[in-house]
Amino acid sequence: MTTQATVTSQQAALAELPPQTSNFRRFLRTFLKRKVVIAGLLVILTLILVAIFAPLLAPYDPYSQNLAKSLQAPSSEHLLGTDLLGRDVLSRIIYGSRISLMVGIVVVLLGGTLGMTIGLISGYFGGIVDTILMRMCDAIIAIPLIIFAMAMGAAMGGGITNVILALGFAITPTYARLMRGQVLSVKQQDYVIAGELTGASNLRNILVHVFPNSISPLIVLITMNLGLAILAEAGLSFLGLGVSPPQAAWGAMVNDGYRYLLQRPLLSVAPGLCVMIVVLAFNVVGDALRDALDPRLRGE
Amino acid sequence: MTAYIIRRLIQTVIILLIVTMIVFLIMHLLPGDPVRIMLGDDATPEQVELMRKELGLDRPLPVQYLSWLGDVLKGDLGRSIAYRMDVNDLVKQRLPITIHLGFSAFLLAILVGVPAGIFAAVKRGSWIDSLITVSANLGMAIPTFWLGILGVYLFSLKLGWLPVQGYVSPFEDPWLSFRHSIMPIVLMSLTALASLTRQTRSAMLEVIRQDYIRTARSKGLSERRVIFGHALRNALIPVVTILGIQLGNLVGGSVFIEQVFNIPGMGRLMVQSIFGQDYVVVQSVVLIVASTVALANLVVDIAYGYIDPRIRYR
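Taken in order, these protein sequences are the chains called A and B.
Mapping of the first sequence onto the numbering used here: position 68 corresponds to residue 68, and the numbering continues sequentially without gaps.
Mapping of the second sequence onto the numbering used here: position 276 corresponds to residue 276, and the numbering continues sequentially without gaps.
If we strip away everything but chain A, and leave its shape as in the complex, we get (with noise of 0.2 Å):
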């Protein structure tokens, strides 16, 4: 009797509190607190959707030339008009997107998988190694990042695969600090100074309990970089020293465009405006990301 009185009476105290939350629901709660992040996520899904199925949304062959139609006012039948080779703008802003996005995830996978696996190895082991490695982060930290990219560019030439390389290395100090920064506060903690104890081998250690547990603002500086890498390969390609001719990416149609500013303010006007608003996207995703993850914030 007295059992039961004791359970109904916690029962009835649970039943008070409010209803537990699990973490995930909290952090979806947070994450998607403003109307913004779901309009930014809609864009960078928008842009997915996009660049997948670029031969089908797009209206003409984007490399196809007809100079007759050369720089052509938007109409029904070419809806933002044509550029100086007679090109259909709509459709190269099409598989435009298809640049911005690969240029941003192989950028950032690349810069990323590097960098954490420089901050990683020189968080956990310290010493001359972790001396070594953050001086040299430190130096290319020092050259801002599209002179970076620009003079690695000028030594390997243009060309999509080496605007890659050159931005990937570009960011890859920031990835390898960052992740030092976590590895060595996780270090300390007793799970990992257990495991340690245990035996478990140091690649055992870094993978299975550093490496998780450091990840969570990795994925904010993830989300952050690729609009930064879409927003270079833009500049970069602007510049003449992106993406080369004829395939089609926002900047360097932005750049095309310029000559062509009073007659036809749209060619350069369009894109532009595209790198923006994707940049704008995966910027506002990263800042509810880090609001989310952020455990000080998540109640606000």
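Just so you know, the hints here were simulated from the structure itself, not pulled from any lab data.
Be aware that one or more of the hints could be misleading.
Subject to a maximum C-alpha distance of 27 Å in a straight line, what follows is the list of computed DSS-like cross-link-like pairs (lysine-lysine) [as the list claims (entries may be wrong)]: (1) B/K158 - A/K35; (2) A/K33 - B/K158; (3) A/K69 - B/K158.
Sample of chain B residues facing chain A (criterion: CB under 8 Å; computed from the structure) [as the list claims (entries may be wrong)]: (4) I10; (5) I14; (6) W127; (7) I128; (8) A141; (9) P143; (10) W146; (11) L150; (12) V152; (13) V240; (14) G248; (15) G252; (16) V255; (17) M270; (18) V271; (19) V293.
Each pair of labels, with its calculated beta carbon distance range [to be verified]: (20) A/Q65 - B/G70: 29 to 35 Å; (21) B/P60 - A/F53: 52 to 58 Å; (22) B/K53 - A/P245: 55 to 61 Å; (23) A/L262 - B/P264: 32 to 38 Å; (24) B/V13 - A/P245: 39 to 45 Å; (25) A/G159 - B/D71: 29 to 35 Å; (26) A/P217 - B/L295: 49 to 55 Å.
Heads up, the beta-carbon is just placed ideally off N, CA and C, and yes, glycines get one too.
Following the hints, position chain B against chain A.
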């Protein structure tokens, strides 16, 4: 404090040394033969070999590096292949232009960005906070070269208020110089301004929730005293630390602005030298830019040591 300054000075020298190595290696180890590029595809192997000897490129790489470093330390950046003149003279022509625009843009970014961030934090949740935050987000996402083109279209071509392109020194004709530089300066400052606004806002919000601010408020201090007397100084510490990085970003952004507005500064020199495959100039520009950023970071860190005593003892 002296020990801290000496430590930071040594670190900066090491970083700059590594920068010289990285720059040198990028220009010399990566695929692409500068001599072949200089002489073109028609050059005979003998001509290539002769040129290589003349430029000292036949020597082992470490020897080449040390010889180049020695020259750089003596203040000799070498001779431009494309311009056929000393890089020092080229830099003397171009650097003041980038310094004029870059420094003005940097000042503008601080003078507008920091107060905007403070204001947004103090008015958190209001429409003015939303306006400032949205503008700062836009500022971080807008390709400056594109905004430059829009500016040229609107203010120069359509309204005719500002000259389309070019640069005039303020010592030559201050008013014309102002009309030429105002748009490039505003655009150059944009990313740094947006970033400073965001950083100041979040640093302010972070500080405002601290206990000592609550104490200050509960003592009955006016909001103005709480913000300007207690919160601001602490909130500015993280903002000061990113000034060096912002200067770097600003210099990076100058490449685009100088290109759009046809301004003969360091950024445009770098772009032209890349197209002219003039690796001597490219490595010099990178080195000058990196040294500027590293020195700015040194100054910031020393200032940081003065503002925040905890830093000195780390």
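Proposed interface contact between B/V271 and chain A, which counts if any beta carbon pair is under 8 Å: The hint holds - B/V271 has a Cβ within 8 Å of chain A, the shortest such distance being about 6 Å.
When the least beta-carbon distance from B/V293 to chain A is tested against 8 Å, hint result: Holds: closest Cβ of chain A sits about 5 Å from B/V293, inside 8 Å.
- request: With chain A as the partner, please determine if B/I128 meets the hint condition of a C-beta pair closer than 8 Å.
  value: 17 Å, violated
- request: For B/K53 and A/P245, compare the CB-CB distance with the range 55 to 61 Å and indicate the outcome.
  value: 37 Å, violated
message: Assuming the hint says 52 to 58 Å, is it satisfied by the Cβ distance from B/P60 to A/F53 or not?
response: 54 Å, holds
- request: Take the C-alpha atoms of A/K33 and B/K158, compute the straight-line distance between them, and say whether it is at most 27 Å.
  value: Given pair A/K33, B/K158 is violated - Cα atoms ~42 Å apart, limit 27 Å.
- request: With a cut-off of 8 Å on the beta carbons, see whether B/I14 makes it to chain A.
  value: 6 Å, holds
task: Return the status of the interface hint for B/V240: holds when the least beta-carbon distance to chain A is below 8 Å, violated otherwise.
output: 17 Å, violated
Interface hint outcome for B/P143 [beta carbon to chain A under 8 Å]: Since the shortest Cβ distance to chain A is 5 Å, the answer is holds.
message: Tell me if the beta carbons of B/V13 and A/P245 are separated by a distance inside 39 to 45 Å.
response: 44 Å, holds
- request: Could you check if B/A141 really has its C-beta closer than 8 Å to a C-beta on chain A?
  value: At 4 Å from the nearest chain A Cβ, B/A141 passes the 8 Å test, so the hint holds.
- prompt: Is the hinted range of 29 to 35 Å satisfied by the C-beta distance from A/Q65 to B/G70?
  reply: 53 Å, violated
The structure does not agree with the numbered hints 1, 2, 4, 6, 7, 13, 20, 22, 23, 26 stated previously, though it agrees with the rest.
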